[in-house]
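Colleague: Two chains, two frames, a set of hints: combine them into the complex.
Residue strings, one per chain:
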Amino acid sequence: MARAVTTRAKIGFTAAAWTVALLIFFPILYAIITSLKTEPEAIAGFDMIPSFTFESYRAVQTQNDYLKPFMNSVILAVGSTILALIVAIPAAWAMAFSPTKRTKDILMWMLSTKMMPAVAVLVPIYLIFLRFGLMDTRVGLTVMLMLINLPIVVWMLYTYFREIPGEILEASRMDGASLWNEIIYVLTPMAVPGIASTMLLNIILAWNESFWTIQLTTTNAAPLTAFIASFSSPQGLFWAKLSAASVMAIAPILIMGWFSQKQLVRGLTFGAVK
Amino acid sequence: MATQETAKIARIMRAPAIILLLIWMIVPLAMTLYFSFLNYNLLNPAGNSWAGLFNYKYFYTDPAFFQAVWNTLILVLGVLLITVIGGIAIAMLIDQPIFGQGVVRILVISPFFVMPPVAALIWKNMIMHPGYGVFADIAKFFGAQPVDWFAQYPLFSIIIIVAWQWLPFATLILLTALQSLDGEQMEAAEMDGASFFSRFIYLTLPHIARAITVVILIQTIFLLGVYAEILVTTNGGPGYATTNLVFLIYRAARLNFDIGGAAAGGIIAVVLANFVAFFLMRAVGKNLD
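Residue numbers (our numbering), protein chains in the order written: chain G, 3 to 276; chain R, 2 to 290.
Keep in mind that the hints were calculated from the coordinates and are not lab data. If you're wondering where the values come from, they're calculated on a predicted model, not measured in any experiment. Built from N, CA and C at the ideal position, the CB exists for glycine as well. The reader is advised that the hints may include incorrect statements.
Under the rule of at most 20 Å between Cα atoms (straight-line distance), these lysine to any residue pairs were calculated in the SDA-like manner [what the hints assert, rightly or not]: (1) G:116 x R:276; (2) R:9 x G:104; (3) G:12 x R:187; (4) G:116 x R:20; (5) G:103 x R:283.
Estimated spans, in silico, between C-beta atoms of each pair [claimed, not checked]: (6) G:57 x R:186: 54 to 64 Å; (7) R:104 x G:110: 30 to 40 Å; (8) R:153 x G:258: 34 to 44 Å; (9) G:11 x R:186: 14 to 24 Å; (10) R:9 x G:167: 19 to 29 Å; (11) G:46 x R:146: 12 to 22 Å; (12) R:206 x G:192: 29 to 39 Å.
Extracted from the complex, chain R is given alone in its bound form (with noise of 0.2 Å):
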């Protein structure tokens, strides 16, 4: 009797985070699934009327779009690279026996918890700017022609920016793996002869690989959405040069209001999600138990 009123009440606590969760789930997607078949423009008094699959095909033959899916994929690809790398190098560093691990361990972590706009704007006006940047002073301090980064590289100049922020995460996440990792069996493999190298490939590796396949998911997760770092900088552009999906999307929505036209790159970015979702679920899932 009494579980049964357990469940009861369980049930009742359960239900406003799913209904709530439900409800933010289906109605936005619906629409902008419904929006997507439509002609419907904020700016025309005409109304709306059905488009069909007009909407995907004009984002489909837009040379814009196309530019779009592969920045987007060149700088979540870029920033996972260094990253990736950078992480593992510097997390196997902080491992070692150092003097001051704690502030080294804060100060490599801060730049995470720097809000977007606020790292984009240091990087642009502070490190990378042609004239006064920090980046210009030690080219001059060299002779060499100072660099205009946002014209010259605008993408690579993003995914340094982006890569800085989420470098602290990987970091983060691959020491736990590696603080974790069996001391004596570390140990043994030194006492038998083997090299770093392979001490690092046939130990280490294997150690962390399940926190490498985490990190790599769930900061592809975000590194699709990213938005403010981009708005502050380049505008997108110089053209499309560092316009991704989010920002064409954006862009359609907010300065064109072409509301069918952004739906539809709204779906397209959804199916996008949903591939890299559905391995991350599977990672994420076989934890559980």
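Bound-form chain G, shown alone (with noise of 0.2 Å):
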């Protein structure tokens, strides 16, 4: 009887819980349905099975040079990622293995910066990148993004550096293991998850950070954050077209982000939420 009562509860929850989901998803998934269709389906009124076109697809590749935007994004994501990591690897290991006194001030500054609003340096960023000709290119657009995240990425890395015992160093030491041993043959193999996950999350940061990306780009380094922007005008009104481009603007990163929930929760909450 109990077990009766326990299941149909179970039933209801799930009823519920189901509901909320794919309402809360379903502009997500009528952008996908839109894609499918033709243009005059698309504003054809409300309509959940499309006529399954791909018409849309390739529209948005012969007409746009989709490819451009989505190779920016991809550059400008991976680049920024790969340089964050080489900067904050040696700060994060340096603070988690050898902290000094002042190590947690450090910690607490460099997330201070974070806190600084984009648009309070949007004038000086501005005219810096218009002095140096880096207006609209790649990598003066990669070197900002990677200067943004940098205080996440230390963050990351130290609170996953710190999770591994530093009884294991000692351990290798006793043994004779020289630094540069205790680097690549004790520390390396602990540390690879948690860089994996901090590269992961700042992946997805990069690309989707949409202030930066707008302000610095036109045509030449505009990632897909400002492509799609550009849709904004009158001619965006070819819905299909922009839900294809919606949706492989969309697509990668969300595959990405249902991988690395818990890294989420933890990089955004710096370690305050686990």
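Modeller: Rendered as structure tokens:
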């Protein structure tokens, strides 16, 4: 009897949860459906069953050269992440394994740079970019995105590295391992999962960054954020095409995001919620 | 000896990150501060001159400025209200024993990964459009007049879009906090006859209070910087109805080429953000030890 009630309750909760989840997911689902419609179908009123044409996907490439902003997004997101890791890994490493009195203050200070509103430095960054010919270049934007996410990267790596037990280091030192061997054979294997998680989250953040990528690009270096934003003008009324471009823009990061739920919580709360 | 050497290596390893962030923080901010005291317009060929506090006074007496500050506050508070209350409710629902919990989680978290321009354009064109949007279709189905969301309720429309983007974040963080709640304690309270409401007030809420604080503070930081959603939907209008501080400064700098004015606005934005950051740093700092 008790079991029957629990099952019924479970079915009730399931129905409620699925309803909420589908409502929240609906705009994305509807964009996917619309991307598979023809343009007249797309504005013909509510219809969940498209004609399954891939015409819009083809049109976005042939008419708007979709591959260019897509590749810019890949280059910017991956490039800025790798740059940030190169700078952040040694720093986080040093702070985790050789902390000083000031380590905590340094970490807090790094976090505080993240609090600076982007718009506060819009003017100088804009002028610097103009002055040094960095406007609309991938190099300039890659460095920008690296600087923006560097504090989060250092923080995330630090929280991961700190979980590596110090005793293992001592043991390897006792066994006569040199610093180099210690890093290569003992620490690196334990640090790789943390580094991978950090990389994943940072690529997501860099991919979706929509202030600087729109401010500092026009055409050559414009990633998907700027490309899609340009659809807000009247020509954006081609909704099937807009949907196809949108779906392609979010699909890779959506799938990556599904695998990074835990890291997301950790990275975006700076370790305050685990 | 070895430790001294280690400390030296550690210092060298730390240095690049610290120096980069130091430059990143000081140079542009100092420039902004300097520009904010100048008459500096890119369209003015006469060059720039010292303006004293004129830019600040100009910003302060501009009616658009107060509207922008007000809009910023309403946007932040509105989104926080929806996401925190909605987040608690949805997190508690998903935390129940349900079939397909993994898939439900994936569906709920998805909007967070949608880049802002895409999120805003999907909502603008396919959901809220007065002619072809889903909301209009629903209204027509019931024989009602479709609402022109961005013309009639512009700021509210933006709040809906941004809340949709951040609801997953709040849900995910609160769900993580809920899952560490002691089940036995909950059962004991249930057996003692505590109602759902009192269990929520005396057990659940205190347990997730910390997570709620973190959600509010982190979201506030990001919500103060909402930009792309406004750019692709209303472009700050109608009038100044959806112009927040970020958009106002963007307009001054990029459309009016008023470097001095934009810089003064930037400094005001920093002061506002610092106010929030102060509390966030304390909340996070406590957790470090």
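Colleague: None of the hints should be skipped; say for each whether it holds.
Modeller: The hints, checked one at a time:
no.	hint	result
1	G:116 x R:276	14 Å, holds
2	R:9 x G:104	15 Å, holds
3	G:12 x R:187	18 Å, holds
4	G:116 x R:20	15 Å, holds
5	G:103 x R:283	18 Å, holds
6	G:57 x R:186: 54 to 64 Å	58 Å, holds
7	R:104 x G:110: 30 to 40 Å	39 Å, holds
8	R:153 x G:258: 34 to 44 Å	38 Å, holds
9	G:11 x R:186: 14 to 24 Å	20 Å, holds
10	R:9 x G:167: 19 to 29 Å	24 Å, holds
11	G:46 x R:146: 12 to 22 Å	20 Å, holds
12	R:206 x G:192: 29 to 39 Å	38 Å, holds
Violated hints for the displayed structure: none, as all numbered hints are satisfied.
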